[in-house]
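Trainee: The residues making up each chain are set out below.
Protein chains: 2
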Amino acid sequence: MYKILDCTLRDGGYYNGWDFDDKLVETYLKAMEALPVSYIEVGYRNNGRYGYEGKYFYCPKFILEKIRSLVPSKKIAVMFNEKDVKPEEVARLLEPCKGLVDIVRMAVAPTRIPNAIELSKAIKAEGFEAAVNMMYMSSLLDDKADAIFEQLPAMEGIVDYFSLVDSYGGVYPADVSRLVKKCKALLSMPIGFHGHNNIELVFANSLAAIEAGCDMVDATVTGMGRGAGNLKTELILTHQATKDKVDVDFNSLANVVTDFEELQAQYGWGTNLPYMVSGANSLPQKDVMDWVSKRSYSINSIIRGLSNQSKGQKDN
Amino acid sequence: MYKILDCTLRDGGYYNGWDFDDKLVETYLKAMEALPVSYIEVGYRNNGRYGYEGKYFYCPKFILEKIRSLVPSKKIAVMFNEKDVKPEEVARLLEPCKGLVDIVRMAVAPTRIPNAIELSKAIKAEGFEAAVNMMYMSSLLDDKADAIFEQLPAMEGIVDYFSLVDSYGGVYPADVSRLVKKCKALLSMPIGFHGHNNIELVFANSLAAIEAGCDMVDATVTGMGRGAGNLKTELILTHQATKDKVDVDFNSLANVVTDFEELQAQYGWGTNLPYMVSGANSLPQKDVMDWVSKRSYSINSIIRGLSNQSKGQKDN
Numbered sequence: 001m002y003k004i005l006d007c008t009l010r011d012g013g014y015y016n017g018w019d020f021d022d023k024l025v026e027t028y029l030k031a032m033e034a035l036p037v038s039y040i041e042v043g044y045r046n047n048g049r050y051g052y053e054g055k056y057f058y059c060p061k062f063i064l065e066k067i068r069s070l071v072p073s074k075k076i077a078v079m080f081n082e083k084d085v086k087p088e089e090v091a092r093l094l095e096p097c098k099g100l101v102d103i104v105r106m107a108v109a110p111t112r113i114p115n116a117i118e119l120s121k122a123i124k125a126e127g128f129e130a131a132v133n134m135m136y137m138s139s140l141l142d143d144k145a146d147a148i149f150e151q152l153p154a155m156e157g158i159v160d161y162f163s164l165v166d167s168y169g170g171v172y173p174a175d176v177s178r179l180v181k182k183c184k185a186l187l188s189m190p191i192g193f194h195g196h197n198n199i200e201l202v203f204a205n206s207l208a209a210i211e212a213g214c215d216m217v218d219a220t221v222t223g224m225g226r227g228a229g230n231l232k233t234e235l236i237l238t239h240q241a242t243k244d245k246v247d248v249d250f251n252s253l254a255n256v257v258t259d260f261e262e263l264q265a266q267y268g269w270g271t272n273l274p275y276m277v278s279g280a281n282s283l284p285q286k287d288v289m290d291w292v293s294k295r296s297y298s299i300n301s302i303i304r305g306l307s308n309q310s311k312g313q314k315d316n
Numbered sequence: 001m002y003k004i005l006d007c008t009l010r011d012g013g014y015y016n017g018w019d020f021d022d023k024l025v026e027t028y029l030k031a032m033e034a035l036p037v038s039y040i041e042v043g044y045r046n047n048g049r050y051g052y053e054g055k056y057f058y059c060p061k062f063i064l065e066k067i068r069s070l071v072p073s074k075k076i077a078v079m080f081n082e083k084d085v086k087p088e089e090v091a092r093l094l095e096p097c098k099g100l101v102d103i104v105r106m107a108v109a110p111t112r113i114p115n116a117i118e119l120s121k122a123i124k125a126e127g128f129e130a131a132v133n134m135m136y137m138s139s140l141l142d143d144k145a146d147a148i149f150e151q152l153p154a155m156e157g158i159v160d161y162f163s164l165v166d167s168y169g170g171v172y173p174a175d176v177s178r179l180v181k182k183c184k185a186l187l188s189m190p191i192g193f194h195g196h197n198n199i200e201l202v203f204a205n206s207l208a209a210i211e212a213g214c215d216m217v218d219a220t221v222t223g224m225g226r227g228a229g230n231l232k233t234e235l236i237l238t239h240q241a242t243k244d245k246v247d248v249d250f251n252s253l254a255n256v257v258t259d260f261e262e263l264q265a266q267y268g269w270g271t272n273l274p275y276m277v278s279g280a281n282s283l284p285q286k287d288v289m290d291w292v293s294k295r296s297y298s299i300n301s302i303i304r305g306l307s308n309q310s311k312g313q314k315d316n
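As given, the protein sequences belong to chains A and B, one line each in that order.
Under our numbering, the residue at position 3 of the first sequence is numbered 3, and the numbers go up by one with no gaps.
Under our numbering, the residue at position 280 of the second sequence is numbered 280, and the numbers go up by one with no gaps.
Don't take each hint at face value.
Same chains, same names: a pair is fine if it fits in one copy or spans any two.
Dumping the calculated SDA-like pairs for lysine to any residue here, alpha-carbon to alpha-carbon at most 20 Å [to be verified]: (1) K144 <-> D287; (2) K182 <-> S139; (3) K74 <-> I117; (4) K55 <-> T27; (5) K243 <-> S139.
Don't read these hints as lab results, they were simulated from the structure.
Based on the sequences and whatever the hints tell you, model everything.
Mentor: Quick look at the structure:
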C-alpha cells in the first residue's frame, strides 16, 4: 500500500508567505497525527539569504519542537531548494533539526542530479534521510531526457526517496505511468509523485502513479499549494476509505478542512483558465500566480501573455 | 474527432433556479457561436406542473427565438425529465420549439428504457432528434446490469444519441472506458459522456470516454452544474487547442469565463469534502447540495449524515 506525504505547510506557504497561524497549525498537526498520513513536510530550511518570510519558510528549532510534540508517530520532513544550499552549509542548517526531523527533501532540477547527490551525502552525514524531488517532469517525456535517466542510478545507496514533480501541472496519466515505471525499473528506493492541478488531472495522475507502482504520493489539505494547487489530502483519504477500507477519522479531517477553507476564501488557490493554459503548455505557474493574485490583470491579458510565452515571444 | 456539448444553462440552472441574466446569456451565446462547440443545451422544457423557476427551466418561445438568432451555426438542445413527460404531451410541449430547437434530450433512469423509447418516438414524430441521457451509470458497473444493456439495442433507429451520465460523480476512468466500449459495441448512434466532478475525475473520465471511442462530451462554463459541477468547457477547449491544435478564440472564452466566475463567487459550485464522500459512495448529491448551500450544517454533521446513508441508516 502506497503512503501519503502531506506538505500543506511547505507547498501551501507560497500563498501566505509561510505565515500560518499557531492555532491553525495545531489543528492541522493533531489531524495529521489522527489520520493515515505517513510523512508530514512542515516547511523549508533556509540559510537566511532571503528577505522576510513566515516561520515555516525557516523552521527554527522552537517550531520543530512544537511540531514533533504534536505528531509523535509520524515522519517529519523539511525541504531544501537544492540550488540554494551548498554541501558545506548542511551541518549548520541541520544542527537544530536533530532528533526533530527525519527526512530532508531537496527540490532538484533534472540537470542538477550530481549536485543533489553531493548534497544528499552531506544530509546523510548529519543523520537524516535524504529525498530528491525532481522538478519539471514534463521535460522528461522527451527522448532527449535519456541522458537524465542515465544519471539516476548514481543515487542508489545515497538517496532514500525519489519523487517526480509535475511542476507545471500539465502532464497526463499515461505520461505519469510511463515515467514512474521507468524510475521503478532504474531505482530500488521508494518512488513518489507530487502533482499540481492546473488541468484538473492531479488525482487521476496520482492514481496512475500508484497503479504504476509508486510508493508515495504528496497531498495538501484543500489542495493548498503553489499556483493551481496540489492533490487534496481529503480526496485521497476519501478514496482510501472507500476503495481500500482504510480507517479514516472524518471528524479530524473535516475540522482541518474547514479551517483551511477559510484560508482558501482569502487566498483563492485552485485552477482557472490562466493556470489551465500555463499547465497545458508547460509554462511556469510562478508568473501566473503573481498576475492572478494581484487581480490587476484581466484574464484576457494573462492569456495573451501566456500565449506569447508559449510561442517563445517576450511579453509586451 | 469528438464533439463538445455545452449545457451550462441547463445543468448550471440548479444553482440559480435557471434565472440567468439576459446580458450574461448574450455573452455566453456569442462565445458559444465563436467557439468549437457543436451542441448547446439551453434548458428544460416542462409542462408547468412545477412551481416558479427561471426562464431556462421552461424555455418559452421568445427565449428560444433569441437563442436561435445568437447561435445560428450550432445545434440547439432542450431537455425533458423523461419521468415527468408523457408521450401524449410531447406535441404540445414541442410546438413552440419547431424551427428553433434541433435535439430533445431526455434524462432517463436505467430502469425506464422502454418509456424513453416511447417518448423518443413522440419527439421524432414532431421532427426533432431524440437523445437519451442515461443517469446513474455507477449502477451499470454491476453484473446485474446486464438486463439493462440487453434493452439498449431496441433504441436503434429511434434514438439519435445515447449518453452515459455519472450522476453521483464517483466513477473512475477504467469504469468509464469499459462502459463506453460496451455501448459502442451495442449501438450505432453517437455515444456521449456527461460527468460530474465530485472526486475531481471529470476531465480524466471524459478523456477515458474519448479514448474508448465516445463521440461527444458534455461540459459547462466554469463547470457550473448540479452539486460538484461538470467538466469545464474552458478546460476541454484548452486541451483541444494544445493537443489537437484546434483553433480556439481565447478572447471569447476568457470573456464568458470571467462572467461565470462572478456567479461562482455567489453560488460556490465545485467539489468539497461532503461531495467527495457522496461521490465515492454513489450517494445522491441533491441532499448534499441542499445542506452545503444552506451553510447551516457543519461539514462534520454532513459527513456523519452521508456516512449513515452509505450504511443504509436513516439520518437522525
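Trainee: Each hint should be assessed against the structure and marked as holding or not.
Mentor: Evaluated hints:
no., hint, result
1, K144 <-> D287, "neither (27 Å within a copy, 52 Å between copies)"
2, K182 <-> S139, "within (14 Å within a copy, 37 Å between copies)"
3, K74 <-> I117, "neither (26 Å within a copy, 58 Å between copies)"
4, K55 <-> T27, "within (17 Å within a copy, 46 Å between copies)"
5, K243 <-> S139, "between (33 Å within a copy, 16 Å between copies)"
Comparing the model with each numbered hint stated earlier shows that hints 1 and 3 do not hold.
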